[in-house]
Amino acid sequence: MDSPSQPVNDAAAAAAAEDEVRTVDLVSVDPVEEIDEAFLCCICLDLLYKPIVLACGHISCFWCIHRAMNGMGKSYCPICRCPYRHFPSICQLLHFLLLKMYPLAYRVREKQMLEEEKEIGFFSPEFEENLTSSDVLVSPSTSSISGSQDVPASCTFSAAICCPDIMESLDNASTSTLGQNGDENIEADRCMATEVKHNFTNDGHKHKSSVPICTTDLQCIACSELLFRPVVLNCGHVYCKSCIFMQVDEQFRCQLCESPQPKGLLKVCLELDHFLEEHFSNEYAIRREAIRLQHIDSHQSAMQGWNCFENPFSSTKSNLQHSDLGRSIHYGFGCDYCGMFPIVGERHKCKDCNELAGFDLCGECYNSCSKRPGRFNQQHRPEHKFELVRAKGFHRIMLRLASESSEDGSILVLSDDASEDLEDGQVGHSITDDVLENSESTNSTT
Amino acid sequence: MVDLTRIQKELTDCNRDKRVSGVSLTLCGDDLAHLSGTISGPIGTPYEGGTFQIDIRIPDDYPFVPPKMKFLTKVWHPNISSQNGAICLDILKDQWSPALTVKTAMLSLQALLSTPEPNDPQDAVVAQQYIREYPTFVNTARYWTEAFAKRTSIGIEEKVKKLVEMGFPENSVRKVLNTVGGDENLALEKLCSG
Numbered sequence: 001m002d003s004p005s006q007p008v009n010d011a012a013a014a015a016a017a018e019d020e021v022r023t024v025d026l027v028s029v030d031p032v033e034e035i036d037e038a039f040l041c042c043i044c045l046d047l048l049y050k051p052i053v054l055a056c057g058h059i060s061c062f063w064c065i066h067r068a069m070n071g072m073g074k075s076y077c078p079i080c081r082c083p084y085r086h087f088p089s090i091c092q093l094l095h096f097l098l099l100k101m102y103p104l105a106y107r108v109r110e111k112q113m114l115e116e117e118k119e120i121g122f123f124s125p126e127f128e129e130n131l132t133s134s135d136v137l138v139s140p141s142t143s144s145i146s147g148s149q150d151v152p153a154s155c156t157f158s159a160a161i162c163c164p165d166i167m168e169s170l171d172n173a174s175t176s177t178l179g180q181n182g183d184e185n186i187e188a189d190r191c192m193a194t195e196v197k198h199n200f201t202n203d204g205h206k207h208k209s210s211v212p213i214c215t216t217d218l219q220c221i222a223c224s225e226l227l228f229r230p231v232v233l234n235c236g237h238v239y240c241k242s243c244i245f246m247q248v249d250e251q252f253r254c255q256l257c258e259s260p261q262p263k264g265l266l267k268v269c270l271e272l273d274h275f276l277e278e279h280f281s282n283e284y285a286i287r288r289e290a291i292r293l294q295h296i297d298s299h300q301s302a303m304q305g306w307n308c309f310e311n312p313f314s315s316t317k318s319n320l321q322h323s324d325l326g327r328s329i330h331y332g333f334g335c336d337y338c339g340m341f342p343i344v345g346e347r348h349k350c351k352d353c354n355e356l357a358g359f360d361l362c363g364e365c366y367n368s369c370s371k372r373p374g375r376f377n378q379q380h381r382p383e384h385k386f387e388l389v390r391a392k393g394f395h396r397i398m399l400r401l402a403s404e405s406s407e408d409g410s411i412l413v414l415s416d417d418a419s420e421d422l423e424d425g426q427v428g429h430s431i432t433d434d435v436l437e438n439s440e441s442t443n444s445t446t
Numbered sequence: 001m002v003d004l005t006r007i008q009k010e011l012t013d014c015n016r017d018k019r020v021s022g023v024s025l026t027l028c029g030d031d032l033a034h035l036s037g038t039i040s041g042p043i044g045t046p047y048e049g050g051t052f053q054i055d056i057r058i059p060d061d062y063p064f065v066p067p068k069m070k071f072l073t074k075v076w077h078p079n080i081s082s083q084n085g086a087i088c089l090d091i092l093k094d095q096w097s098p099a100l101t102v103k104t105a106m107l108s109l110q111a112l113l114s115t116p117e118p119n120d121p122q123d124a125v126v127a128q129q130y131i132r133e134y135p136t137f138v139n140t141a142r143y144w145t146e147a148f149a150k151r152t153s154i155g156i157e158e159k160v161k162k163l164v165e166m167g168f169p170e171n172s173v174r175k176v177l178n179t180v181g182g183d184e185n186l187a188l189e190k191l192c193s194g
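Taken in sequence, the protein lines are chains A and B.
Quick note, the first sequence lines up with residues 1 to 446 if you use UniProt numbering.
Quick note, the second sequence lines up with residues 1 to 194 if you use UniProt numbering.
For the record, the hints were derived by calculation from the structure and aren't laboratory data.
Any given hint could turn out to be false.
With beta-carbon atoms standing in for the labels, derived distance ranges [unchecked claim]:
hint, chain 1, residue 1, chain 2, residue 2, range
1, B, Thr136, A, His274, 45 to 53 Å
2, B, Leu27, A, Ile35, 24 to 32 Å
3, A, Cys80, B, Glu165, 21 to 29 Å
4, A, Phe245, B, Ile131, 35 to 43 Å
5, B, Asn15, A, Lys263, 42 to 50 Å
Glycine included, every Cβ here is placed at the ideal spot set by N, Cα and C.
Work out the full structure: start from the sequences and follow the hints.
And the structure:
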């Protein structure tokens with residue numbers, strides 16, 4: 001960001017102009033940050049924005065993965081074609097890492113995507129605690145998130161950061177929005193805030209000389225140490241591979257959010273692994289050694305854990321699992337808790353969420369009464385009421401045809417209704433009602 | 001709407017190393033949804049030395065659906081139609097992945113030139129020839145490469161001379177050659193159709 005070169009007459013105007021130029025520059029100027037190729041999305045070829053890590057360890061943007069998914073059955077990783085059935089949550093660790101490493105480019109991406117989101121009417125989840133701080137950094141006057149609204153529009157970046165009130169409100173915002181590892185994040189925020197302040201006060205070298213990434217940004221949920229061979233769960237939380245043990249008949253649950261991890265393979269996120277090895281070579285080597293020793297100690301149990309993970313859940317080429325054939329499939333609708341897409345089995349639709357994206361749960365998540373946020377930033381509340389929705393009748397017929405004579409062409413045509421909502425009347429068309437639930441029962445959460 | 005930023009990126013990325021990769025990509029006019037690519041014939045194949053032009057149309061949902069590609073240069077190959085240049089290649093159909101790019105697709109076409117799949121043909125006649133009389137196939141393919149894929153090496157005067165020898169008046173030959181951008185085959189087609 002070059003200092004403004006326009007002529008100014010009086011000091012006040014100069015200061016105001018400078019503020020304005022800074023704000024504009026940050027948002028509109030092409031990012032000058034050199035982005036590591038590892039953090040380019042394989043689909044949009046741009047900096048990853050709200051990254052999602054698939055079970056196979058490949059990363060892409062939230063919207064890129066969403067658009068690449070197949071609403072009719074299994075989806076496949078764009079890179080390795082590994083099948084998956086769940087739309088994972090955004091990996092917040094990577095999100096904040098990228099925000100820290102490429103504050104300018106990430107903001108540009110955010111702006112871009114927000115515009116696209118406004119156009120389509122679907123919104124990706126927001127992570128308020130950190131956006132708050134970055135909003136303060138970029139444009140104090142346009143921040144829309146509580147906690148930074150009290151920032152005077154005219155204050156400069158460094159002033160905003162230095163002001164203890166702001167830091168306090170940031171802290172409050174962080175702790176209120178994030179119950180889990182809030183402390184870490186606040187610390188990270190502070191670290192970043194001071195660093196960025198530093199960058200902006202020395203106009204000569206910005207954000208290039210020192211990237212304020214510390215090992216606390218890259219910790220395993222379980223062992224709270226630097227990640228080693230990281231795996232990212234369906235819920236978006238990151239663990240060392242060696243910290244995860246999956247039992248054969250028991251579902252693994254994230255220690256932080258208690259989300260169940262879908263069965264199936266889970267591979268190391270190699271891009272993140274390489275990044276760790278490169279940036280924290282010493283710490284990484286220490287971790288490697290520690291885990292090696294640990295494995296010698298408890299070789300047996302470790303091996304058990306690994307084996308379960310490496311077994312892909314299905315080797316059949318068929319688009320539908322055999323267990324699916326007797327159950328209804330809600331084409332184009334995904335579960336907002338576990339991310340199952342399309343929903344197989346029961347689908348519970350929230351009657352009170354007005355967002356275009358809607359809010360749906362699969363039977364299992366509905367029964368587990370979990371309180372996680374939705375996949376599309378819906379303002380869902382626990383007191384909202386749900387109704388049970390049946391899959392469209394002809395879907396079931398087509399499914400039957402598909403299983404008998406594989407007429408998949410017609411399935412594709414008929415069930416292309418991702419945006420269409422199911423009405424009670426339409427369900428009445430169903431001919432093969434024998435397997436369907438008895439009535440259009442309406443349920444409510446407790 | 002076509003993802004313009006991605007296509008821009010692909011264009012610059014593809015042309016950065018076109019000497020090494022043997023594939024290049026250019027815009028057809030102002031429309032980013034219509035590109036034109038060239039691939040060089042792989043060495044050690046009947047297509048060696050030829051430059052093949054490919055017409056590329058970017059659909060609205062790209063990169064979530066494959067780009068539409070066909071050969072503009074006539075080519076004798078079991079998986080490419082000798083009539084209209086249509087290509088039979090899985091990654092341009094159901095095996096497409098959004099992580100692939102126009103460049104990787106063109107590199108796959110280059111690979112397809114060196115390893116034909118006669119059991120999954122686009123052009124049954126060529127495939128039959130490939131299976132039953134392989135030497136004839138090689139000769140035909142080489143001849144087609146000479147005749148159609150090397151036109152840039154022939155000077156405009158030679159083209160004029162050739163076409164005049166075929167019995168067309170020199171004036172109209174020059175005019176037609178101009179309108180089709182020096183493409184001898186297109187000119188011949190135009191001259192024949194009047």
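Each hint tested on the structure:
| no. | hint | verdict |
| --- | --- | --- |
| 1 | B/Thr136 / A/His274: 45 to 53 Å | 51 Å, holds |
| 2 | B/Leu27 / A/Ile35: 24 to 32 Å | 25 Å, holds |
| 3 | A/Cys80 / B/Glu165: 21 to 29 Å | 56 Å, violated |
| 4 | A/Phe245 / B/Ile131: 35 to 43 Å | 55 Å, violated |
| 5 | B/Asn15 / A/Lys263: 42 to 50 Å | 45 Å, holds |
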